[in-house]
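S.K.: Here is what each chain is made of, one letter per residue.
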Amino acid sequence: MSYFIDRRLNARHKSAVNRQRFLDRYRTHIKRSVEEAVNRRSITDMERGEKVSIPARDISEPVFQHGPGGERTIVSPGNREFVEGDRLRRPTGGGGGGAGEGGASDQGEGMDEFAFSLTREEFLEFVFDGLELPHLERKQLVDLEEVKPVRAGISKDGVPSRINIVRSMREAQARRIAMRAPIRRALREAIEALEMEERKDPVLRNPSRVTELRAEIERLEKRLESVPFIDTYDLRYNHLVNQPQPSNKAVMFCIMDVSGSMTQSHKDIAKRFFLLLYLFLERNYEKVELVFVRHHTAAKEVDEEEFFYSRETGGTIVSSALTLVDEIVTRRYPTAQWNLYVAQASDGDNWDDDSTTCRELLVKSLMPRLQYYTYVEITPHAHQALWEEYESVQDDFPERFAMRQIVEAGDIYPVFRELFRRRAEA
Amino acid sequence: MNLKTPIATGSDWNFGILTDYEHEIARLADEYRLDTYPNQIEIITSEQMMDAYASVGMPVGYHHWSFGKQFLSVEQAYRRGQMGLAYELVINSDPCIAYLMEENTLMMQVLVMAHACYGHNSFFKGNYLFRTWTDASAIVDYLVFARKYVSECEERHGVAAVEQLLDACHALQNYGVDRYKRPSPISAEEEARRQTEREEYLQSQVNMLWRTIPRSEALDTPLMDDHEDPLGLHQQGRYPEEPQENLLYFIEKNAPLLAPWQREIVRIVRKLAQYFYPQRQTQVMNEGWATFWHYTLMNRLFDEGLVDEGLILEFLQSHTAVVNQPGFDSPHYSGINPYALGFAMFSDIRRICETPTDEDREWFPDIAGSDWLDTLHFAMRNFKDESFVQQFLSPKVIRDLKLFSLVDDDSEELLSIEAIHDERGYQRVREALSVQYALSVREPNIQVWKADIRGDRSLTLHHVQDRRRPLAKSVYPVMRHLHHLWGFPVKLASLEGDDIVRRYQWPLPDKTSER
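Protein chains in written order, with our numbering: chain A, 474 to 899; chain B, 1024 to 1538.
It cannot be assumed that every hint is accurate.
Some chain A residues near chain B, calculated using beta-carbon distances under 10 angstroms [as the list claims (entries may be wrong)]:
no., residue
1, Phe477
2, Arg480
3, Ser488
4, Val490
5, Thr546
6, Arg563
7, His739
Which chain B residues stay away from chain A? Per the calculated CB distances, all over 10 angstroms, these [stated by the list, open to error]:
no., residue
8, Thr1155
9, Glu1178
10, Gly1260
11, Pro1266
12, Ala1282
13, Thr1319
14, Thr1378
15, Val1452
16, Leu1462
17, Glu1466
18, Gly1510
19, Trp1529
When the alpha-carbon atoms are kept at most 25 angstroms apart in a straight line, the in silico PhoX-like pairs for lysine-lysine are as follows [as the list claims (entries may be wrong)]:
no., chain 1, residue 1, chain 2, residue 2
20, A, Lys487, B, Lys1294
21, A, Lys487, B, Lys1027
22, A, Lys760, A, Lys722
23, A, Lys487, A, Lys524
24, A, Lys773, A, Lys760
25, A, Lys773, A, Lys695
Bear in mind the hints are in silico, worked out from the structure with no lab data behind them. Note that this is a predicted model, so its numbers are computed, not measured. All residues carry an ideal CB built from backbone N, CA and C; glycine is no exception.
The whole structure should be built from the sequences, with the hints applied where relevant.
M.R.: What follows is the structure, encoded as structure tokens:
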């Protein structure tokens, strides 16, 4: 007897728990691989999973086994030229196992490494492990415009579409019971009186009393009937109140200096930094918008392609970009609805007297509206005026303004981690 | 014979076609007296197949990282295309659960049905080891019980604590069987009913056993003379009186410090190890038997015209790949292929019965010329790999596979060829191969020798060396796991004859006190 069962629609990933247990157990190993991968990878493929290798001895499940040595007999197939009594040299590197011990493969990874792939989600999980968005809680509920209707009990008035039928019917029934009870009692008394009257000897009966009672009964029955089944008074409505919602939207401004002094390798480093920030924000907000602002002496909002790959020449006026960002925020991203992040990358060059303007702009206008401002300076050289001015901004907003220097690509990830380190550790 | 029309052609399948083929295979299998459990054939996706692989063939299992590791490596191999997932996932249960992957072609589905649902299934039901050691009707219930119990423990005592315990148990799971005692059948209801009772009872018993005050090492050997020990409390000999081969059982019953739930988990691992015990010893037979029957049944389907030429050609190609045996010096060599050896042996038994040569008459006087089906069933029922090879490996199979045996002795400079496929060698090759499949030779022979219940509570194991073969380095991590379970020092002595040649212990002795 046999039967077929189609299980294809059953849950997949039955092993998900076991897989997660494995990843947790080897967290440190995996993290190391992931960090190496982040530093090594090209910008474009941060979005895929990663192959991770763990030394096999670290994850072996030991059991009692025979070790090399002693004497053993091995039966193998495929004899060609051997005859009984032949003596042969031990194959080198065979670990004493001789011909019989297959297993060590010479292609792909050897047996010394246990290799497997992380999915994209798992990979990013490890990349951002231990990092936290700074000051997510800053936005007070009062200045949030985003609201969501929430059930808040029952009310007596409302629109017909929100009638709560069960509660309304219950009210109606209660009212009916309450209103009918005295009438019923009076009716019962009248009926009893009438019966008593009628049981009396016909001689003793009071005909006028009988008529009176009959009229009373009739009147009461009418009253009983006229109690309405449902009344406007009974209606109950589901009550909704608008609850302010923390905003789930973020916008990230990428500001980059594209003046002649910024080489393509500078831009690549900047791009990686922006990318990390983007991936990070994406994991924390439902929706993340990107705005690219590049500048030399004048700032311009551009698309991603142009942002990273077009070349410009000329001097540098950083404040032009900040002014543009300020305008865009005012025009398109009301602070009540958007979490604003700005990441700026530059090589530190600026017109001398412009740096003061930048500070003014930041402190007066931009910083109060932003969640976080990160500035990375990609230069091996000494800092210039801009850095110094920014340092004073950082003193004013130590919680929300961060700046670091990056010299080469390998610095990005550590710097990023430092900037977004969980605050408890900081 | 009237040729029937093929049930289906091409490589697409649907449930109707599968059912029809299943009926036909069942009819033919019945002709060959293949006695099976009812089949529960499940169609699954490749992802689900990987899940099934990862849980080492258990339809439900408790959670443990090692299964996750298994899953990752299966997934990796599959993604790279190093491994097909098609054959073989069949669970020894009643009804017998077999998995068909939806990606398979029609040929594959029919092949897997013949192989798993009739080959393996009848082996599970017929072979004496499976009959003795497993209870097909109860295993799924027991697995459900185990999973539930383990996850309850995780809730109560924390995932980490349970994981450590399972790690330790897994390290010893090959030593969880009493080879010479028939186990009582396991049943989930019974387990659940008795479990609480057992917890309390066990704990009280262990406490009794250990209600002796630990003493210092100095008093170890000349415990106390009669004068100081008039009641003979210290003269009661070794405990356990006989060496115990079932380490997990001994720990479950005697480890002094384990909490009742920990004992229960040790028991669960032991019971599951017991369930897999026959599989480890019948690989050649089991695969050989299933391969022999899928080959026979598929050919019968073709002979009757129920499958077309295209399908049978596709089948033959796949079958040939399965029973391929690369030579020892081939880059693809990874030991003797159990499918190849098993298939060759079962096919050869049939040949010996049907068309015996003089050589066969000399080597197999009692089966040459007998009814082949009876003989095949007899072989399937009453042997395991070790004895099967010993009984039935014929000179012809040795010649066909060109088997040779080689002695590797670390005291000699050169390896020596002991026997090859010739008149003088058959017997010795056969014996050597048989020994190679003996579990007692494949795995080190380790037994509980002494639990020092009146002294420092240490546990001593004895390892009896087989032809001077020492233990691999993994002995230390295993000892550490054992120490976790036992809670007091554990020692292990390797014996060659009666002499102790090597001692291991955990915790490691201090460097200063080392001799």
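S.K.: Of all the hints numbered above, which does this structure not satisfy? Sort the numbers upward.
M.R.: Checked against the structure, the hints that fail are numbers 7, 15, 17, 21, 25, while the rest are satisfied.
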